[in-house]
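Let's have the full structure, built from the sequences with the hints guiding it.
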Amino acid sequence: MRPESLTFHSLVEFLSRVDGLGRKTAWCLAERFGDWERFQREAPELLRGGAAFLTEEVRRALAAALKDAPAFVPSPNFISFLDPRYPRRLHELHDPPCGLYFRGDWEICERPRPWIALVGTRRASRYALEICGRLVAELREFDPVIVSGLALGVDGMAHR
992 MRPESLTFHS
1002 LVEFLSRVDG
1012 LGRKTAWCLA
1022 ERFGDWERFQ
1032 REAPELLRGG
1042 AAFLTEEVRR
1052 ALAAALKDAP
1062 AFVPSPNFIS
1072 FLDPRYPRRL
1082 HELHDPPCGL
1092 YFRGDWEICE
1102 RPRPWIALVG
1112 TRRASRYALE
1122 ICGRLVAELR
1132 EFDPVIVSGL
1142 ALGVDGMAHR
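In my numbering, each residue's number is its place in the sequence shown (first place is 1) plus 991.
Derived from the structure by calculation, the hints contain no laboratory data. Heads up, none of these hints are tricks.
What follows is a set of in silico ranges between Cβ atoms, one per label pair, in the way DEER data are often shown:
1) W1106 to R1051: 33 to 41 Å
2) K1058 to I1107: 38 to 46 Å
3) A1119 to A1043: 39 to 47 Å
4) R1051 to P1105: 39 to 47 Å
5) H1085 to V1136: 17 to 25 Å
All C-beta atoms in this analysis are idealised placements derived from N, C-alpha and C, irrespective of residue type, glycine included.
Below, the structure is given as structure tokens:
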């Protein structure tokens, strides 16, 4: 997919990948530019000093990301806040994430079934991985949707 054809949702995803760019700032930038073409055209000027709300560190990260923008390919596994599939309950949060990545079949999330969220560390101890494995094994009979950060360690163990 060429960058010029990217949607607003893909712009949100692109911005969410910029190191140091917080969720609120990414969302503000996406709303300000609205689409990929305008972002590509006007963001360089913004980076030259027109945005006092961006730190120098974020400006550098955004400038580096813009250089790599032609190679950006949006993920089919990203759902932005405005996507109709975005979970209703997350919309109700005071400070919801601007997008979600998922692995697997998103449609299972729309079926009534239990959800479990597992949070851990990327460098989990053997004990933590063992306990996570036991917990998930015991919950398997309920066929839960597992929600995690998709990181290594405990998150990865939960999905095995």
